[in-house]
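**Student:** Please put together the full structure from these sequences, using the hints given.
Protein chains: 4
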Amino acid sequence: MGNTIGKLFCVTSFGESHGPCIGVVLDGCPAGLPLTEEDIQHEVDKRRPDPTAGGTGRREEDRVRIISGILNGYTTGAPLCMIVSNEDINSHPYEDTRFLPRPGHADYAAHIKYGGFNDFRGGGRFSGRVTAGFVMAGAVASKLLFGIGVKVIAHTVQIDNIQAAECSPLEITDKIWENPVRCADPETAIKMIKKIEEIKNKGDSLGGIVEAIAIDVPAGLGEPVFDTLEGDLAKAFFAIPAVKGVEFGAGFKAAAMRGSENNDRYITKNGKIVTATNNAGGISGGISNGMPITARVAFKPTPSISRRQRTIDLRNLTETEITVKGRHDACIVPRAVPVVEAMMAIILCDFAMRARLIKEVIS
Amino acid sequence: MGNTIGKLFCVTSFGESHGPCIGVVLDGCPAGLPLTEEDIQHEVDKRRPDPTAGGTGRREEDRVRIISGILNGYTTGAPLCMIVSNEDINSHPYEDTRFLPRPGHADYAAHIKYGGFNDFRGGGRFSGRVTAGFVMAGAVASKLLFGIGVKVIAHTVQIDNIQAAECSPLEITDKIWENPVRCADPETAIKMIKKIEEIKNKGDSLGGIVEAIAIDVPAGLGEPVFDTLEGDLAKAFFAIPAVKGVEFGAGFKAAAMRGSENNDRYITKNGKIVTATNNAGGISGGISNGMPITARVAFKPTPSISRRQRTIDLRNLTETEITVKGRHDACIVPRAVPVVEAMMAIILCDFAMRARLIKEVIS
Amino acid sequence: MGNTIGKLFCVTSFGESHGPCIGVVLDGCPAGLPLTEEDIQHEVDKRRPDPTAGGTGRREEDRVRIISGILNGYTTGAPLCMIVSNEDINSHPYEDTRFLPRPGHADYAAHIKYGGFNDFRGGGRFSGRVTAGFVMAGAVASKLLFGIGVKVIAHTVQIDNIQAAECSPLEITDKIWENPVRCADPETAIKMIKKIEEIKNKGDSLGGIVEAIAIDVPAGLGEPVFDTLEGDLAKAFFAIPAVKGVEFGAGFKAAAMRGSENNDRYITKNGKIVTATNNAGGISGGISNGMPITARVAFKPTPSISRRQRTIDLRNLTETEITVKGRHDACIVPRAVPVVEAMMAIILCDFAMRARLIKEVIS
Amino acid sequence: MGNTIGKLFCVTSFGESHGPCIGVVLDGCPAGLPLTEEDIQHEVDKRRPDPTAGGTGRREEDRVRIISGILNGYTTGAPLCMIVSNEDINSHPYEDTRFLPRPGHADYAAHIKYGGFNDFRGGGRFSGRVTAGFVMAGAVASKLLFGIGVKVIAHTVQIDNIQAAECSPLEITDKIWENPVRCADPETAIKMIKKIEEIKNKGDSLGGIVEAIAIDVPAGLGEPVFDTLEGDLAKAFFAIPAVKGVEFGAGFKAAAMRGSENNDRYITKNGKIVTATNNAGGISGGISNGMPITARVAFKPTPSISRRQRTIDLRNLTETEITVKGRHDACIVPRAVPVVEAMMAIILCDFAMRARLIKEVIS
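Residue numbers (our numbering), protein chains in the order written: chain A, 1 to 363; chain B, 1 to 363; chain C, 1 to 363; chain D, 1 to 363.
Where chains are identical, the list cannot tell them apart; a pair therefore holds if satisfied intra-copy or between any two copies.
With a cut-off of at most 30 Å between alpha-carbon atoms, the simulated DSSO-like pairs for lysine-lysine come out as follows:
#1 Lys-195 - Lys-253
#2 Lys-194 - Lys-253
#3 Lys-253 - Lys-191
#4 Lys-46 - Lys-359
#5 Lys-359 - Lys-151
#6 Lys-325 - Lys-202
Just so you know, the hints here were simulated from the structure itself, not pulled from any lab data. Since the structure is predicted, the reported quantities are computational estimates derived from the model, not experimental observations.
**Tutor:** Structure representation (C-alpha cells):
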C-alpha cells in the first residue's frame, strides 16, 4: 500500500521500470476539462533524457495513452488511467547482481521488506521511471490550476556546488528550455553542463537542488494542523527518488536568522496585502498567504555510478564488489525538474479542491 | 479538516491556545498496553518552558487527563482521548490587535481562510501550545515502539549559527536534560544560552535546528511510492509551528556530494548487514534500511518579538505598527525538542503497525 | 482504529458507557456557522429515554459541552470537540458477569478481539450511549444542511410486527414528538406502546424499523463507484448498535418486482424533472437524483433481557446461566430515531461538501 | 473521486463500458503470493453471461492482463494493475438516446452531476461491466483469505418471488455451477430459469437476492464503531449496480423477533465457543464472532427492458418515449453472484490485514 496520494485529487501510481508499463490512475478530476493525449504527452516529453546533460542511454518514445475517463476530448468525471509503455528494456544486467545490493539504491531495503520478491529489474518500483506517472497526473493538475490562474514552475538552482543566480519567474519560464540542465541562468548552465560531463567521465555522479515556485496562488490553501501546505508538498516531493531534503522560503537559512529579519512585513501593493519579503515562501501556519510559494528540493547524486563499489552478497553475507551496469544519468536533477513541478501542481490542485476553488464540473 | 494524521495509529488534534483545553484523540492503540496519566505527564512536562532558556512566562500545570480508552491501567483498544486544560490565559492583549496581523505569524492567512472567524486569541490553532497534544500521542507511540526495541531521541543541534559537535545517541540521552537548551554538547549549550539571553534582551528572537534519531529501527518500514518514511516524517514535522525545512541523512549537503562519496557502502558487522556511512539517514527508497534514522528539522526564529513591527490594519488596509504583547519564547527550539521526538515516534509507530510489527493486542 | 467517518466532514468518536464521558471530534465544519451548546443540546435531548416507551432507568442530564472550535458563538474552522459526561454510572452489576458473555451482545467478540482488555462495563464502546456523540455531530450537520435547504427526518415505521401507515414528511415532522415511540401514525403508536409494555413485562424485548427521509436534496450527491450514497449511508447506519439491515427505496421488495414496475418514470412537475414513483429512494447509480432519499434501517430486539439465558464462562469454557442486570430499554427503536437522523445528516453533509455545495466559510 | 475502497487492501477501479478497457489497481497485496493471469481469469469467467439464464448478447473474451506488480509468478509487493479489454462494443444505439434518460438507470443523476460530460455509452461507469474489475481484485483477496483458512461463497437465494430452500455451504459450493442461475437448490433453479425466460419474452426483467457466506472466519475482524464488518461489507455491496438492500443474519426479520428468540445462545462445540443459532450472521458489535458471516444482498430488476417507457428529453424538458436498445440481461442476479462473493472477499481481506492476520510477505 502507500501508492495513492491526494484527498480529493487522488493519484494512484503503478508500474515498474521493466514491467509492461508505467501508469497512474487519477480520481477526482472534474468532468468537462478539455484533455487530449497530446496535452499529457507535452509534459511527459519534458522528462526525457538529454544526452548533453548526462542523460541515460535508455531510448523510449513514452507514448502516452489515456485508457479511461475521457470522451470526445473532455474528462467525464470518471477516473483517468494513463499509461506509457516500457519499450527499451534490457533486464539482463540486473539478473547478475540480483543479490548484490547497489550502494545508494533501495535494493537492500526492498529485499528485506518484500522478502526478496520485489521486482529488482532496473530498480523496479524504485526507478526514476515511475515518475513518468507523476508527470502525467501533474499535467492534468496544471490544466486545472491554470483555470484558476495558478502557475507552477520549477528550475535547477544548484548542481554539485554550482549555484544559479536568482531569477524572476518570467526569466525561469523563458530560459530553462534553452539548456539541457533546466537552469534559468545561462552562464551557470554552461558551468553545470561542463561539470556533469567532467564527473561522468570519471565514472561518478552529481546531485543538486530544484526550486519550484507557484505564482498567483490565492491565500487560504492548506488544512492545518496536519495537512499543511508545507507538509503535503514535502511528502509529495519525497516520493521522487533521490530527494533527501525539502525547505520552504528561507528554509534552513531561517534557523540562523533573527525574528526581526525573518518576519515578512505586511505592506499594500496595488491595494492588495502582500509581504515586503518572502522568507515564509508564501506559507504561514501551513496556509498559503498569497505570496509566491517557493520550495527547494535537494537531490542526492545518482547512486548508479560506473566505478566499482563494495557491497555484500545477500546469499552468503560475504563482502564483494559490484559494477553497476544498466543505463543511468550522471545527474538526475535536470530530468527531475518537470517532476518537482508536477508534484507541486498535484498538491496545490488537491488543496484548491479542498478549498472549493475548483468546481465539480469545468465548463 | 486536516487535523488527523496516521493510517493505523491515527492522531486527531483539537483545542486552541485560549480555549478550554488542548486535546488529542488517538485511535489505533492496541489493547493491553499499560498506560497511566503519569506516563503521559512525564513527556508533557518536557515541553514546559524553562525561563533560563528564554521560555515563555505562561505558567500552567498542564495536568494530563485521559478521558477515554483505559481501564484498570491498560488500554482497551478504544480511542484514547487525552487533554490538558488551558489555565493561565489572558486573552486581553489579543483583542487590541485582532485586525493587525503579526508579521511571521499565521494571523493573516488564517483570517483570509476562515473569513475572520478563526480564534485569534494567542494564535488559536496556530499556537505552539497545540503541540502538547502531539506530545501526548507521542508518549503512547514511544511506549509501543519501546515494546519492539525502537528508541527515538531528539536534541538541539543548532541555535542561531551556533552548531553543536556531533554526539552519540548515548551522549544525547544522557546530556540533553542537563541544560535548558537540550543540547548534548555542554560547551555549546552554554554559548546557546548566552546567545538567547543576549537576543532576548534586544527584543529579538532566534531559530535553530533539532535533530531526531531513531535507533534499532528494523529494516522494512515505509510504504513507497507515496507513503515513504521521509515523506510521512516530513509531513508530521511540518505540523510543528515554525518548521521551514526537513532533511534526512546528509540532506541538503548531499546535493553537493559525488555519488562515490554519498553512496553508503554495505558491510557486515556482528553478522548483520550495515552501511559503513549513513548518508541515507537510515532510509533507502523511502524504506528503513536498518541504520539509525536521522532527520534534521529547521525552525525559523520565533515570530513574536517585542520590537515594534510594521503591518497592515485589515479593516482599512492602511499601514500601521504593532507591538506584539502576550508571552513568548525568545527561542522555541529547546521546547520543540520533545515535540520533534513525538512526531517521529508517531510516524514510526504507524509504519511499524502497517508492517505488522506491533501486535493487535499487547500483553 | 475505525473510529472516524467522513472524508471532508470528519467525525471521530470516543468515550465509553462507564468512562468519564462520551465525545466526538468534528473536523471539517466550515468557519462562520452560528453554533451554541443549546443547538446541540436540543438534539441530544431527543435521544433521552422515555419511561413510557420502555426506556432505560439510567438518568443523566447529558449536558453538552463544546470544548474546542467555537468563538463568540461561531465555529472557527478548527475541530469541534463536544462531550457529555457520564454521570449515573453503576458498574457493579457488570463485574460479576465480566467473563459471562451476554447473548446478543458484543461481549464475546470484543473479548476475543481485545484480548480481554476491552472496557466491559455497561457494554463499553458497544453501548448505545456512544450514539450521543453521533447525535452531537449530526446536530452540526443538520445546521449545515439547513443552509442549503436540505432537511432530514426519521421516524419509527415498525415495532415488532406492527407497521405504521405511510405518512407525508410534513406529518412525520409534526407528529413524531407527540408520542414516545416516535411514530407519525398516532393509532399505530398506541399499539406499539402497548406491545412494548406487554413484552417488557414478560422480561423480553422488541426490535423494529426506522425510516429516514431527506427532502430537497439536490441531484448529484454521491461519488461512485465505491463512495455511493447508499454505501456510505449504510456504513453509517451500521455503526448504530443493533442495526442488522439497511435498504433504500423499494429495497428488498424490489427483488420481487418487475423492471416495468420498479423503474421510476421521468416526468416534469413545475418545470422540474422528477420521477412519478420513487422506488429508487432518491438514489440512482449511487448518486442523488433530486427525489427524496428514503432509507429503512432494521433494528434487532434489545439483547439485554431480564430473563435468564444460557451462556459460557470464558474462564473455564463451561456452560452456565446469566441474568443480565443493569438498565436497558425493552425497545431501543424510539431512541434510535434521532440517531438514524443524525447519521443521515452527517453523510449527506459530507457529500454536499464533496460536491462543493457547502462553502468553506459560512456567513 | 470515490473510486478506491479498502484501507490496507486498496482497490481502485477505472474504465467504462465502452472505453478501451475495464481495470483495477490493487495496492496492498503482500509480496510473495503466487499469482497468474489464469488465477484471475478463472474468477472473471464466472461472471460471463449465460444465454440460458437471460444473459446479455454481448460476447467478449474478457482476457485478463496483469500489467504491473508480478514477477516470475509471484506478487512483488507493488500495486497490481489488472485489465480486461472492451471488445464487442457498439455505441451506436446510445447516441440516439443520449438526452433521453432511461428509467431505472443512472443516466439522469449522472447527467446532472457531471454536467452532461459523463460517458453515456452503455451506461459508462454505471455499467455492470465495471464489476469485472471488482472480480479481478476479489480473486486476489480470495487467494489471500485461503491462506488463512477463510472461504467465501455466494449463491442465488431468490429470483422474483421464487425462494431457494436453505442449503449447507458444501451444497452451495457443489451445486451452483450446475445451473445457470447459480442456485444451490436444483428444483428451485429450474423454476427460476423458467420464470426468467417467461419474463424476458414479455420484454420485462427480474430482480432477486444473493446470499454470501464466509466460513471459518476468525473472531475479531472489524473495527468499530464506524468501520464495522457490516458497515464496510454493506458499502462494498452497494457499489454493485442495482443493489438496493443489504442485511446480515436475521436482517430485516430480526425487527419482528423477540430478544429471547433473536439472541444467539453461546455453547461449546468441540471445545470451541460457538452460538446455537446464527441470527447475528457471525457479527456482534461490528466484529466477527467466529460463526459464519452471512449477508443477503437485494437486487432490483434490470432497468433495461425492451418495452417502451416514458421519459423526458433533457434538451427541451418535454415528455417522450424511449425504447432501450443495446444488450442486457433480463435478470442480472446470476451474474452478480461472483461479484457479491468478490466484494465480501475484498472487505474480509482488508479487515484480516488490519487485524494483522495476513502477513506482510507471503511465503
